[in-house]
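J.: Sequence:
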Amino acid sequence: MTPHPFLRPLVAAAALVVATVAHADLKVGIDLSSTGPAAAIGITSKNAVLMWPATIAGQKADYIVLDDGSDPGAAVRNIHKLINEDHVDVIVGPNITPAALAALDPVAQSKTPMITLVGSASVVEPQQGARTWAFKMAQTDNAMAEVMTRYMANHNVKTVGFIGFADSYGDSWLNAFTTFAALRHIQVVAAERFNRTDASVTGQVLKLIAAKPDAVLIAGAGTPTVLPQRALVERGFKGPIYQTHGIATPEFIKLGGKDVEGTLFPTQPVVVARTLPADHPSKRAALAFVDAYEAKYGAGSVTQFAGDAAGVYPRLQDAVTRALKTAQPGTEAFRVALRNELETAHELVVPNGVVNTTAKDHVGLDQRASVMGVIRDGKFVYLSQ
Numbered sequence: 000m001t002p003h004p005f006l007r008p009l010v011a012a013a014a015l016v017v018a019t020v021a022h023a024d025l026k027v028g029i030d031l032s033s034t035g036p037a038a039a040i041g042i043t044s045k046n047a048v049l050m051w052p053a054t055i056a057g058q059k060a061d062y063i064v065l066d067d068g069s070d071p072g073a074a075v076r077n078i079h080k081l082i083n084e085d086h087v088d089v090i091v092g093p094n095i096t097p098a099a100l101a102a103l104d105p106v107a108q109s110k111t112p113m114i115t116l117v118g119s120a121s122v123v124e125p126q127q128g129a130r131t132w133a134f135k136m137a138q139t140d141n142a143m144a145e146v147m148t149r150y151m152a153n154h155n156v157k158t159v160g161f162i163g164f165a166d167s168y169g170d171s172w173l174n175a176f177t178t179f180a181a182l183r184h185i186q187v188v189a190a191e192r193f194n195r196t197d198a199s200v201t202g203q204v205l206k207l208i209a210a211k212p213d214a215v216l217i218a219g220a221g222t223p224t225v226l227p228q229r230a231l232v233e234r235g236f237k238g239p240i241y242q243t244h245g246i247a248t249p250e251f252i253k254l255g256g257k258d259v260e261g262t263l264f265p266t267q268p269v270v271v272a273r274t275l276p277a278d279h280p281s282k283r284a285a286l287a288f289v290d291a292y293e294a295k296y297g298a299g300s301v302t303q304f305a306g307d308a309a310g311v312y313p314r315l316q317d318a319v320t321r322a323l324k325t326a327q328p329g330t331e332a333f334r335v336a337l338r339n340e341l342e343t344a345h346e347l348v349v350p351n352g353v354v355n356t357t358a359k360d361h362v363g364l365d366q367r368a369s370v371m372g373v374i375r376d377g378k379f380v381y382l383s384q
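Okay, so the sequence shown: first residue is 0 according to numbering that gives the first Met the number 0, each after it adds one.
Rather than coming from a laboratory, the hints here were simulated on the basis of the structure. Using N, Cα and C, we set each Cβ at its ideal position, and we do this for glycine too. Certain hints may be false.
What the hints assert, rightly or not - Pair ranges (Cβ atoms, derived):
1) Pro52 to Gln327: 15 to 21 Å
2) Asp290 to Lys80: 31 to 37 Å
3) Pro52 to Lys359: 27 to 33 Å
4) Gly202 to Lys359: 41 to 47 Å
5) Lys80 to Val188: 44 to 50 Å
6) Glu293 to Gly72: 31 to 37 Å
7) Ala181 to Ala209: 18 to 24 Å
8) His154 to Gln327: 53 to 59 Å
9) Lys359 to Gln108: 19 to 25 Å
10) Thr196 to Gly235: 23 to 29 Å
11) Asp104 to Asp290: 39 to 45 Å
12) Ala53 to Asn174: 37 to 43 Å
13) Gly238 to Lys110: 47 to 53 Å
Stated by the list, open to error - Dumping the calculated DSS-like pairs for lysine-lysine here, alpha-carbon to alpha-carbon at most 30 Å:
14) Lys157 to Lys378
15) Lys324 to Lys359
16) Lys359 to Lys26
17) Lys324 to Lys110
18) Lys253 to Lys206
19) Lys26 to Lys110
20) Lys282 to Lys253
21) Lys295 to Lys282
22) Lys26 to Lys295
23) Lys206 to Lys157
24) Lys257 to Lys295
25) Lys59 to Lys110
26) Lys295 to Lys59
27) Lys157 to Lys237
28) Lys295 to Lys378
29) Lys26 to Lys59
30) Lys110 to Lys359
31) Lys80 to Lys59
32) Lys237 to Lys257
33) Lys359 to Lys282
34) Lys282 to Lys378
35) Lys237 to Lys253
36) Lys26 to Lys324
37) Lys80 to Lys324
38) Lys253 to Lys211
39) Lys211 to Lys378
40) Lys378 to Lys253
Model the full assembly from the supplied sequences, consistent with the hints where possible.
T.: And the structure:
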């Protein structure tokens, strides 16, 4: 029987074990936000990780999964444990930008490559200092802001009110959005912030409405982003509401209900896989992953974050295969070689895009990884490229 397209590289990886001389186990340290405010992101990332095969490039893989509780301090403690006690060869995660930024120094000092699952480009840009040890699976905020502002401009949005997380995620999105909005002659007429754990944003929302924007952009991730959207709807805002790629979880739709119908958002292929155009370069990989994930976790359960985590496996399979020609796992030489090979992916198709990394680009995704989506009848649906 021919294996499912998503499983073919996994079957091939397992087959390599028979033909490969025994090597040291490859240790993969994984820090995720399985609890706390970012749990809707971290849980689906963990679900995808649990689907990874037991081997990578013929090496037996030892996956060590820790929960940081959506707390940057806990994430750093986990990173130190993975590096100093478990002696991992590579780190996957964290899920949230503040935690990934806090992890930069320990991974760089130990020369351990880190493949993050965050949205903000601030973790990998500029490519200098500690950031040269960090890579990122999700499309950058800049790329998402580009496709979003292009859609806005094409639909006569001239003024926007902004409300975002009061942390590095919100900072990154405000900077990215402002840059691309200016290029398209879109003005930000009000900018407000809120915390992931806030119970009310009434004051901020009233200020946004008073500015009379054509549209509002909410820059956050996971279920906390429902709060400002519901407040806008309850107070009669009638314009389009945009969110970022951080909302794409079933929990967002479940919690938001009718208040999030019609939400416009940039996203990656996995989230809208079933409605992608037939000629989209990632449609086959995205659909294969969605089918496998939903067969295991239920219909409608897939998220962009699960897709990002799924993409880590082919990224490692690709880079580890080449790094093994230089050194063996468990050594600094291997970690350095793995970092170098993660930097040289070429036209590697993953569920959320096509990866081409370089010394200056540790994301490697182009506009093939960015689409506009809309929430329609309680589902994430493809809207435009």
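J.: Does Lys378 lie within 30 Å of Lys295 when you go C-alpha to C-alpha?
T.: holds (19 Å)
J.: Taking 39 to 45 Å as the stated bounds, is the beta-carbon spacing between Asp104 and Asp290 within them?
T.: Check passed, 40 Å falls within 39 to 45 Å.
J.: Look at the Cβ atoms of Thr196 and Gly235 and judge whether their distance stays inside 23 to 29 Å.
T.: holds (26 Å)
J.: Look at the Cβ atoms of Gly238 and Lys110 and judge whether their distance stays inside 47 to 53 Å.
T.: holds (49 Å)
J.: Between Asp290 and Lys80, does the beta-carbon spacing fit 31 to 37 Å?
T.: Given about 36 Å between the Cβ atoms, the range holds.
J.: Between Pro52 and Gln327, does the C-beta distance stay in 15 to 21 Å?
T.: With Cβ atoms ~20 Å apart, the hint holds.
J.: Can the restraint linking Lys257 and Lys295 be considered satisfied, given a maximum Cα separation of 30 Å?
T.: With a Cα-Cα distance of about 28 Å, the restraint between Lys257 and Lys295 holds, given a limit of 30 Å.
J.: Under the criterion that the straight-line Cα-Cα distance not exceed 30 Å, is the pair Lys282, Lys253 satisfied?
T.: Cα-Cα ~26 Å, so holds.
J.: Given the hint that Lys237 pairs with Lys257, does the C-alpha gap stay at or below 30 Å?
T.: Distance ~14 Å between Lys237 and Lys257 Cα, so the pair holds.
J.: Given the hint that Lys253 pairs with Lys211, does the C-alpha gap stay at or below 30 Å?
T.: holds (29 Å)
J.: Are Lys26 and Lys110 close enough, with their CA atoms no more than 30 Å apart?
T.: Cα-Cα ~14 Å, so holds.
J.: For the pair Lys359 and Gln108, does the Cβ-Cβ distance stay inside 19 to 25 Å?
T.: With Cβ atoms ~22 Å apart, the hint holds.
The structure shown violates none of the earlier numbered hints.
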